[in-house]
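*Asks:* Turn these sequences into a full structure, and let the hints steer you where they fit.
These protein sequences, in sequence, are chains A and B.
Last residue of the first sequence? That's 94 in the working numbering, and every number before it is there in order.
Last residue of the second sequence? That's 216 in the working numbering, and every number before it is there in order.
Derived by calculation from the structure, the hints in this document are not laboratory data.
With a Cα cut of at most 20 Å, we get these calculated EDC-like pairs of lysine to aspartate or glutamate:
id, chain 1, residue 1, chain 2, residue 2
1, B, LYS106, A, GLU57
2, B, LYS106, A, ASP39
3, A, LYS21, A, GLU10
4, A, LYS21, B, GLU151
Have a look at the derived ranges for each label pair, beta carbon to beta carbon:
id, chain 1, residue 1, chain 2, residue 2, range
5, B, SER201, A, GLY16, 24 to 30 Å
6, B, SER201, A, PRO67, 26 to 32 Å
7, B, GLY176, A, GLY16, 45 to 51 Å
8, B, ALA154, A, LEU2, 29 to 35 Å
9, B, ASP143, A, ARG56, 25 to 31 Å
10, A, ILE25, B, ASN177, 41 to 47 Å
11, B, PRO114, A, ILE25, 51 to 57 Å
Per the computed footprint, the stretches of chain B lying under chain A, defined by three or more beta-carbons under 8 Å from a beta-carbon of chain A, are:
id, segment
12, 97-109
13, 170-177
Here a beta-carbon is modelled for each residue, glycine too, at the ideal position from N, C-alpha and C.
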Amino acid sequence: MLILSRKVNENIVIDGRILVKIVRIDGENVKLGIEAPIDVPVHRQEVYDEIQRNNREAVSSGRVPVPRIPRPKRPLDPGTGSSEGGSGSQGTPS
Amino acid sequence: MPMGLLGFEQSKEFNLLADPEEAPFAWLQCSQGTRVSFLIVDPFIFFPDYQPDVSAEDAAFLGLSTPQDAAVFNIVTLRPGGNPTINLKGPIVINRQTRTAKQVIPSNAAVYQVQHPLPTAS
Numbered sequence: 001m002l003i004l005s006r007k008v009n010e011n012i013v014i015d016g017r018i019l020v021k022i023v024r025i026d027g028e029n030v031k032l033g034i035e036a037p038i039d040v041p042v043h044r045q046e047v048y049d050e051i052q053r054n055n056r057e058a059v060s061s062g063r064v065p066v067p068r069i070p071r072p073k074r075p076l077d078p079g080t081g082s083s084e085g086g087s088g089s090q091g092t093p094s
Numbered sequence: 095m096p097m098g099l100l101g102f103e104q105s106k107e108f109n110l111l112a113d114p115e116e117a118p119f120a121w122l123q124c125s126q127g128t129r130v131s132f133l134i135v136d137p138f139i140f141f142p143d144y145q146p147d148v149s150a151e152d153a154a155f156l157g158l159s160t161p162q163d164a165a166v167f168n169i170v171t172l173r174p175g176g177n178p179t180i181n182l183k184g185p186i187v188i189n190r191q192t193r194t195a196k197q198v199i200p201s202n203a204a205v206y207q208v209q210h211p212l213p214t215a216s
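*Replies:* And the structure:
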């Protein structure tokens, strides 16, 4: 692992396109600012690990019976995340 | 899904299989290589107050101009002999117009659980 010393407001540049700035140091907390291209995902590692682990548990090799659910609180309309209106029919990505 | 799912970064092409008999559940099935599938569900049916805060960066990545263009699904984990759970911390957001999708970590992810119990009929 490469270890570098930096002061507040100093930066590290990675691959000429990712900028990591030391914004603030407050006791044990270091606040970092990260500028990266839109296709470079940046996550807190513990959250990333938790979701990755869950995805691995959730993966299925095929379709299996789905759970039975209680009576829905509103009409079933899979895929309509937020609201009425809009373009209506959405179809199925294929 | 240009970035795949977390832990499945190489799986980028998925079909959304929605069988009315399985509603509100649907399947995200990878169309490349090993055909891994994920059971997904419209979270708002179970949790009407669910409000993941999609970051401006993720909205830009997905090319979302209005919230109406976004469909939200969450991965369900089936547990043999146990109750299913839903991942409210890492929702999958789909741009309905472009069919581009991404598993996002909302800025308010800390208030949601990765393994939230899914209400099921007894």
